[in-house]
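Undergrad: Sequence:
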Amino acid sequence: NAETRKTKDINQAELFDLNSWESTVNKIFNANNQNILLEFTATADLTNEQIIEKYRDKIIFDYPLKSFRMDGYSKEVKVLQSDIQPIDRALQALLLSQFRRKIFEKHGWMIKPVILFKSKTIKDSNAFFDEFMTKIKGLTESDLAKIQSNPNLDSNLEKVFYYFQSNQITLENLALELQEEFAENKC
20 NAETRKTKDI NQAELFDLNS WESTVNKIFN ANNQNILLEF TATADLTNEQ
70 IIEKYRDKII FDYPLKSFRM DGYSKEVKVL QSDIQPIDRA LQALLLSQFR
120 RKIFEKHGWM IKPVILFKSK TIKDSNAFFD EFMTKIKGLT ESDLAKIQSN
170 PNLDSNLEKV FYYFQSNQIT LENLALELQE EFAENKC
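Position in the sequence shown (from 1) plus 19 gives the number in the numbering used here.
Simulated from the structure, these hints should not be mistaken for laboratory data. Keep in mind that this is a model prediction, so the values were computed, not measured. Careful: at least some of the hints might be erroneous.
[To be verified] Simulated crosslink set (DSSO-like; lysine-lysine; CA at most 30 angstroms straight-line):
#	residue 1	residue 2
1	Lys137	Lys205
2	Lys154	Lys142
3	Lys154	Lys73
4	Lys139	Lys46
5	Lys77	Lys94
[To be verified] Per label pair, the in silico range of CB-to-CB distance:
#	residue 1	residue 2	range
6	Asn169	Asp81	22 to 30 angstroms
7	Thr66	Thr140	15 to 23 angstroms
8	Asp149	Ile79	21 to 29 angstroms
Quick reminder that beta carbons are idealized off the backbone N, C-alpha and C, glycines included.
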């Protein structure tokens with residue numbers, strides 16, 4: 020329902036041109052008059068008037084995300100607060116992701132963690148992607164050492180660095196791994 024939320028902020032031509040999940044779903048739904056569409060309210064922003072209006076006569080049962088999660092139907096999402104720059108937060112996310120991957124590999128499970136970076140606008144997203152790729156391509160041992168030496172380092176990241184050190188994964192090798200795992204052709 021991202022398009023519905025934005026309708027008062029953009030004109031109709033811009034709305035039509037947006038290539039979003041909502042517009043893709045609508046195109047598929049309208050492709051055949053026998054199609055049916057079931058959506059879940061778990062992530063619908065039912066405090067937004069435009070979304071309420073769109074779904075007013077369609078909601079069979081309102082099942083908020085909080086209830087959905089409490090009932091055990093979604094993964095537990097861990098939110099870490101940080102007052103550092105977005106690119107530095109992204110690096111921390113990469114470290115946590117690589118740590119999880121290593122833990123799974125150690126137990127014989129081959130997984131591919133997914134990281135989602137979210138921006139307010141497509142323009143911001145594209146700018147961040149460019150900044151991210153520049154950072155990854157030039158990532159060094161000293162970049163990771165700077166994170167590790169932060170006196171306000173989150174306890175989760177302390178565990179991450181301890182794990183890498185305990186398993187003889189040097190910061191230099193870790194930087195090379197991250198460059199490979201998050202190369203532009205993989206993002």
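Undergrad: Name the hints, by number, that the structure is in violation of.
TA: 3, 6 and 8
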